[in-house]
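The listed protein sequences derive, respectively, from chains B and Z.
Following the working numbering, the numbering of the first sequence begins with 689 at its first residue and continues without gaps.
Following the working numbering, the numbering of the second sequence begins with 109 at its first residue and continues without gaps.
To be clear, the hints were calculated from the coordinates, so they are not data collected in a lab.
Any given hint could be a false lead.
Said to hold, decoys possible - Examples of chain B residues toward chain Z, derived with CB under 8 Å: (1) Gly690; (2) Glu691; (3) Asp702; (4) Leu703; (5) Trp705; (6) His708; (7) Leu711; (8) Glu714; (9) Leu716; (10) Ile719; (11) Asp799; (12) Arg802.
Here the structure is a predicted model, which is why all the values come from computation and not from measurement.
Think of the CB as a built atom: it goes at the ideal place given N, C-alpha and C, for glycine as much as any other residue.
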Amino acid sequence: MGELDRLLAEAKDDLEWPDHGALDVEVLTRIEPVVLRRRSRVAGLAVALSAAAILIVLLAVPATRDSLSAWLGIGAVQLEVGSEVPVGSSLELGVETDDVGSVPLAGGLKDYDRAFRDEVGRLWLVYDASDDLPEVSEGIGGLLGIFDGAAGPVIRKQVGDPTGQITLTTVLGSDAFWVEGVPHTIDLLDDGTIVTELGRTSGNALVWEQNGHTYRFETALSLDAALEFVSP
Amino acid sequence: MDIHLTEEALIAAARDGDTSSFGELVRRHQAVAFRVAVVITRSPVEAHDVAQEAFVKAWLAIDRFDQTLPFRPWLLRIVANEARNRNRSSGRRIHRENLAGVRDTALVYGQSSAETAVMRNAESARVVAAVDALPEQFRQVVYLRYFLELDEAETAEALSIPRGTVKSRTSRARALLAEQLEVNDG
Numbered sequence: 689m690g691e692l693d694r695l696l697a698e699a700k701d702d703l704e705w706p707d708h709g710a711l712d713v714e715v716l717t718r719i720e721p722v723v724l725r726r727r728s729r730v731a732g733l734a735v736a737l738s739a740a741a742i743l744i745v746l747l748a749v750p751a752t753r754d755s756l757s758a759w760l761g762i763g764a765v766q767l768e769v770g771s772e773v774p775v776g777s778s779l780e781l782g783v784e785t786d787d788v789g790s791v792p793l794a795g796g797l798k799d800y801d802r803a804f805r806d807e808v809g810r811l812w813l814v815y816d817a818s819d820d821l822p823e824v825s826e827g828i829g830g831l832l833g834i835f836d837g838a839a840g841p842v843i844r845k846q847v848g849d850p851t852g853q854i855t856l857t858t859v860l861g862s863d864a865f866w867v868e869g870v871p872h873t874i875d876l877l878d879d880g881t882i883v884t885e886l887g888r889t890s891g892n893a894l895v896w897e898q899n900g901h902t903y904r905f906e907t908a909l910s911l912d913a914a915l916e917f918v919s920p
Numbered sequence: 109m110d111i112h113l114t115e116e117a118l119i120a121a122a123r124d125g126d127t128s129s130f131g132e133l134v135r136r137h138q139a140v141a142f143r144v145a146v147v148i149t150r151s152p153v154e155a156h157d158v159a160q161e162a163f164v165k166a167w168l169a170i171d172r173f174d175q176t177l178p179f180r181p182w183l184l185r186i187v188a189n190e191a192r193n194r195n196r197s198s199g200r201r202i203h204r205e206n207l208a209g210v211r212d213t214a215l216v217y218g219q220s221s222a223e224t225a226v227m228r229n230a231e232s233a234r235v236v237a238a239v240d241a242l243p244e245q246f247r248q249v250v251y252l253r254y255f256l257e258l259d260e261a262e263t264a265e266a267l268s269i270p271r272g273t274v275k276s277r278t279s280r281a282r283a284l285l286a287e288q289l290e291v292n293d294g
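Start from the sequences and build out the full structure, keeping to the hints where you can.
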């Protein structure tokens, strides 16, 4: 062993790290609500959470808020209710591409007009506004973000105003949630950690998981119309 | 739950929703997870929050964990990402005084003779000070590789850099340390 290695080894042995405390206990306390959520999913419950009063009451209790946000997480998306929503900014879709890979698309989602891939490899499909897709923003009728669940990118949706509707539903047999009439922002996460903060105020959004991918479809459509569009 | 279960068995059970198995995974990895967070945040208080959050996120993402790969690098990547994000989102600057505080209480006397222990402590303090004086990217590599004994692949995963970059940073860090400590790097 060289002299430098010896010094480093001795320093390692002499280094006493601070105590990590009862992390295991704290983590277990926090993940229990997620277990409840998973059990609910197995049971195939599709619960509509539309009563603002209920949400407001729940949000008054931090622990309940945590469990609620965890419970509403689907695939690569976590929904955080009651978070402060920052001022929106534009969304960077990345570079336009002809290669959308082998991502399965159903219904009207197949007829996208442009495709983009952002700097971390996520796919964005743009649908121009039309009679079927009312404009949601500057000539755009729909925006589909597709995230590889296996790779870990995650969206965190922050919902600031709980007076809108958050509805659990299904898309192509998979659990989904719908956020309507609620200003919310999206942050791209990587393995659950924010890597790109988009800080964009979003329109209505339908989120579901399919074949290892997480889909997020932003639209001005109603829930029923959006469901019909993505899975006729 | 059988605490002698293999990590693979614990992960499989956790994927089925068994919180006690995931709890055992936390117990097995909480020390290194916390320490990686300390290295990046330079704050034990922040590191505790980071580690806790990272474990919760690992639980949320356990369905997407590739069971053909080792668990620890995957977990440490989540921890490191969370720590970096914590540094960014808070907008705070690195508080060297925090780390200095950790060091002041961290270095302890060895178990050998008093004279040797004092010498070792002083020498180690000098080494740690030299490491802390390195540019951040080199400092983190040294901590992870030599003080936490992560292997090259784990270090690369945690720092989200290629293994080749770990090698080059390690080499550069060693050269700087050897110069600073006036020893041979060999």
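Q: For the hint on Leu711 (chain B), just tell me whether its beta-carbon gets within less than 8 Å of chain Z.
A: holds, 4 Å
Q.
Under 8 Å is the threshold here; is the Cβ of Arg802 (chain B) close enough to any Cβ of chain Z for the hint to stand?
A. Hint violated; Arg802 (chain B) Cβ to chain Z Cβ min 28 Å, cut 8 Å.
Q. When the nearest CB of chain Z is found for Asp799 (chain B), is that gap smaller than 8 Å?
A. violated, 29 Å
Q: Grab the minimum C-beta distance from Glu714 (chain B) to chain Z and call the hint holds if it beats 8 Å, violated otherwise.
A: holds, 5 Å
Q) Do the numbers back the hint for His708 (chain B), that is, is its least Cβ distance to chain Z under 8 Å? A) Constraint on His708 (chain B) satisfied, holds at 4 Å.
(Q) Next item in the hint list is Leu716 (chain B). Is there a CB on chain Z closer than 8 Å to its CB? (A) holds, 5 Å
(Q) Given a cut of 8 Å on the nearest C-beta pair, is the interface hint for Ile719 (chain B) held or broken against chain Z? (A) Holds, because the Cβ-Cβ distance from Ile719 (chain B) to chain Z comes to roughly 5 Å (cut-off 8 Å).
Q. Close enough to count: is the Cβ of Trp705 (chain B) nearer than 8 Å to one in chain Z?
A. OK, holds: Trp705 (chain B) within 8 Å of chain Z, min 5 Å.
Q: Closer than 8 Å between Cβ atoms is the bar; does Gly690 (chain B) clear it against chain Z? Give me holds or violated.
A: holds, 4 Å
Q) Given Glu691 (chain B) as an interface hint, is the shortest Cβ-Cβ distance to chain Z below 8 Å? A) This hint holds: Glu691 (chain B) lies near chain Z, its Cβ roughly 4 Å from the closest one there, short of 8 Å.
Q) Hey, does the Asp702 (chain B) contact hint survive, CB to chain Z under 8 Å? A) holds, 4 Å
**Q.** Interface hint for Leu703 (chain B), Cβ within 8 Å of any Cβ on chain Z
**A.** Leu703 (chain B) check passes; min Cβ-Cβ to chain Z is 5 Å, inside 8 Å.
This entry does not satisfy hints 11, 12, going by the numbered hints stated previously.
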